[in-house]
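Asks: Listed here are the chains, written in short residue letters.
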Amino acid sequence: MTFEALLRFSNDRLRPLLANGLRQAQVMRNWYREAGYTKTEARAIKLLKEWLSAKQLAQFNARRYFDVIGCHSGKRYRIRYGTATNIHELDGAGRPQSVLCFVPNSPLAAGDVMLAQKIALETDEWSAVAVAKRFAPSWH
Amino acid sequence: MATQIVMDRNGDTRHTFDASDTKALLRAEERFKELTGLGFTAAVRTASGEPAVTRRFDPAAEETLFFPRLVGG
Numbered sequence: 001m002t003f004e005a006l007l008r009f010s011n012d013r014l015r016p017l018l019a020n021g022l023r024q025a026q027v028m029r030n031w032y033r034e035a036g037y038t039k040t041e042a043r044a045i046k047l048l049k050e051w052l053s054a055k056q057l058a059q060f061n062a063r064r065y066f067d068v069i070g071c072h073s074g075k076r077y078r079i080r081y082g083t084a085t086n087i088h089e090l091d092g093a094g095r096p097q098s099v100l101c102f103v104p105n106s107p108l109a110a111g112d113v114m115l116a117q118k119i120a121l122e123t124d125e126w127s128a129v130a131v132a133k134r135f136a137p138s139w140h
Numbered sequence: 001m002a003t004q005i006v007m008d009r010n011g012d013t014r015h016t017f018d019a020s021d022t023k024a025l026l027r028a029e030e031r032f033k034e035l036t037g038l039g040f041t042a043a044v045r046t047a048s049g050e051p052a053v054t055r056r057f058d059p060a061a062e063e064t065l066f067f068p069r070l071v072g073g
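Chains A and B are the protein sequences, given in the same order.
Position 55 of the first sequence, counted from 1, bears residue number 55 in this note's numbering, the numbering being contiguous throughout.
Position 69 of the second sequence, counted from 1, bears residue number 69 in this note's numbering, the numbering being contiguous throughout.
The shape of chain A in the complex, shown without the other chains (with noise of 0.2 Å):
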């Protein structure tokens, strides 16, 4: 066997084993991240995935983030896992602008908030952006 041969069927081999390799790593740190949470963050999240879109879903299970567009202005958001001042307005570039807080009047879990900021960006941004506080953004 050729060594061209040789790099091209380890090649064919390794790629499929390296790509099964990815999944089951990122399935076994989502496993231990949701292992950590309580009940009710558990299930917050559990809600939240249902709402999430297919494309925000896979952003979230990698990131623990995932993007938004508002629904008037069409700027793209990003809401990171927690309860407060977990938003970022990105600019075209994808760099934070500014960081938003705006949060439901009663405690929730994290997953709920987030997915109560979500529905409220893309359904009804404007509303949501006059009751936010606005600050800067600490890291770019």
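Hints are computed from structural coordinates only; laboratory data are not their basis.
Do not take every clue at face value.
[To be verified] List time: in silico DSBU-like cross-link candidates among lysine-lysine, alpha-carbon distance up to 35 Å:
(1) 46(A) - 33(B)
(2) 23(B) - 75(A)
(3) 49(A) - 75(A)
(4) 33(B) - 23(B)
(5) 33(B) - 75(A)
(6) 23(B) - 39(A)
(7) 133(A) - 39(A)
(8) 55(A) - 39(A)
(9) 133(A) - 23(B)
(10) 46(A) - 133(A)
(11) 75(A) - 55(A)
(12) 23(B) - 49(A)
(13) 55(A) - 33(B)
(14) 39(A) - 49(A)
(15) 23(B) - 46(A)
(16) 75(A) - 39(A)
(17) 133(A) - 75(A)
(18) 46(A) - 75(A)
(19) 23(B) - 55(A)
(20) 55(A) - 133(A)
(21) 133(A) - 49(A)
All values derive from a computational prediction rather than experimental measurement.
With chain A's structure known, arrange chain B on it following the hints.
Replies: Chain B in isolation, oriented as in the chain A frame:
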């Protein structure tokens, strides 16, 4: 069965009801009015899966989600 999901400190509370049962439907409508009267926002998912806010009780909605009023944090 239709479901009304109300976000609360335990995650959520689910009220399921048979939409073909007139009494159950009336109770669901009362619950809708009571919650929205308290400032909750009601949302449903469209056929394409996108959220939509609803101001009126929809007896045909399979799932309605209620979340508390949003305020600046």
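Asks: Of all the hints given earlier, name the ones this structure violates by number, lowest first.
Replies: 2, 9 and 19
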